[in-house]
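Put together the whole structure using the sequences plus the hints.
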Amino acid sequence: MRRLGGICLLAVGALSVLLGAVLAVAFGPDDRLATGPHVVRSETSLITTGPQAIALAGPRVELAVTSSGEPRNLFVGVGHHVDVSDLLGETPRTRVDRIDLPWALTTSQVGTGGTPRASPLDVQWWYAQAEGDGRAVLTWTLPEYGGDVVIADLDGGDELSVDVTAAVLAPGAFVVGAAMVVIGLGVAVFGWAVLTTRVRPRGVHANRGEPTEGGAK
Amino acid sequence: MRRRWPAAALACLVLALGGCSLPHARTGDATSKVSARPAEVSSLLDSYNAARRRGDDERDPSILRRVETGPLLDIDAGAYFVSARSGSAEAVQPVQLAGLLTTVGPRFTRYPMWVGALVDDVGSGTRRFVVFERRHSAAPWLMTAGPELAGGSGLPAVVKDEGGAADHVPAAGAERLAMSPQEAVDAYARALSDPAAVEQDRFEQDDFRSGNADFREAQQELQYASFSQRWEAHPVRYAVRLEDGGALVVGTLTRTDTYRVQPESFIDWEGNAAAKAYLPGRVFRSAQLTFRHQVLMAIPERGKARLLGQYGGVVDGRGS
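Chain order of the listed sequences is A and B. For the first sequence, the working numbering gives the first residue as 1, with consecutive numbering after it. For the second sequence, the working numbering gives the first residue as 218, with consecutive numbering after it.
Hints may contain errors.
With the C-beta cut set under 8 Å, the calculated list includes, among others, these residues of chain B facing chain A [unchecked claim]:
id, residue
1, H241
2, A242
3, T244
4, P311
With the C-beta cut set under 7 Å, the calculated list includes, among others, these residues of chain A facing chain B [unchecked claim]:
id, residue
5, P51
6, H80
7, D83
8, Y145
9, G146
10, V187
Covered by chain B, per the in silico footprint, the following chain A stretches (three or more residues, Cβ under 8 Å) [to be verified]:
id, region
11, 53-64
12, 113-123
To be clear, the hints were calculated from the coordinates, so they are not data collected in a lab. For glycine and all other residues, C-beta sits at the position ideal for the given N, C-alpha and C.
Written out as structure tokens, the structure reads:
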């Protein structure tokens, strides 16, 4: 029984150390699980995601977009597909139709011609938006009903090329991982001790088979 | 695909351990949206109240244009015009929408989209069903309708899906209804135009229709002018399904009152501030006053439709 308990404690401790280490290493001290940078290019000044591209909901994510080469006047926003498609209409753009993680994009060229109804800065329905000269960082929680990401050069032009880094944010993940490692080590050491340390038998059962005069002590 | 499983499982485990919401397949529909949620409607009401307060103080329709459009703007701008011309503050009914009681927002796959809201109007002491519409994604939400409910009553229960979206009924959709929304508003216009029309039997009795019948009768007894009145329905844009199987409909009607003055007579509109504002002085030959009215009605699955409320006023006048 002692042996089984010791093995269990050792196994739980080792698993905790392993998962904690994976968690701490994966997220790092900045609590981010990131992929990138990946280059995304468009013949125009506009890159969007389609309504089915972001198939997941739940975690908080960050999208860091940096223009390749000369700094561009970047806008990055995420809004409901109905709003985004109405705003952009038939504006020519590169659309990301599918994202396979860790990172593979399926894109298509859409839009027969035209311009957006308004500047992305003139509407208030973005879930989140960011702008920057050469770099913009967007953070939002993936909603149940999706969302289209828009990357645009506010000054127009063509041949927009950007480096995109996507990350899942989990505040405290590194600390939790480190704590799991420490606690797991403790449990494993205790398990090892239970498994290997001989404890001097005491009590009624300890005397079984060695009757002494006067009975058990 | 099989090779991705361990990585996906590990990623989920790592995220769960990290205190992060577990990533999961989306359950919502990405290609349609509920027009507006209660929080957004509350914000719209605040903006409306601020503009309306200023507009009511200054009697300036250009302020109203920032928050209203369509027939409702015609009606309220008409009231400002009458008030300015007559110098009477009574022509303008102060509006302050305080309590948001219910929102009715259908799901849309494209613009334009609209949202209805039942609100208490503490300015006039009434309850109104207001409708905001947004023509496109870069346009502002503007109020397009605001019928007042008779006796401050409530709305019949509106069907809503799991996401809180009302079930939009097409204007011509008569499925499981005594008549389609457009048919109902057309029929109501005919019932208002002609007391002998067969459409009278398609509606329960209401004060608005009986009041109009009394007014028309009184005008037709004028000895110095002949009077005729015509009602026309506008295309219906706002209708939703009710839990009792019926439909809630907001419709707009245009009313045209025409007077033909007898030879050697005139009309000077004493006691009629609205007509006097649009037709100052005396009318010797003919006069025409145009009104807009917005009606809120409930159409049952079977039986007679019922008027729940209305709001209207004079919007134009011409005469000679």
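Can you list which hints this structure breaks, lowest number first?
4, 10
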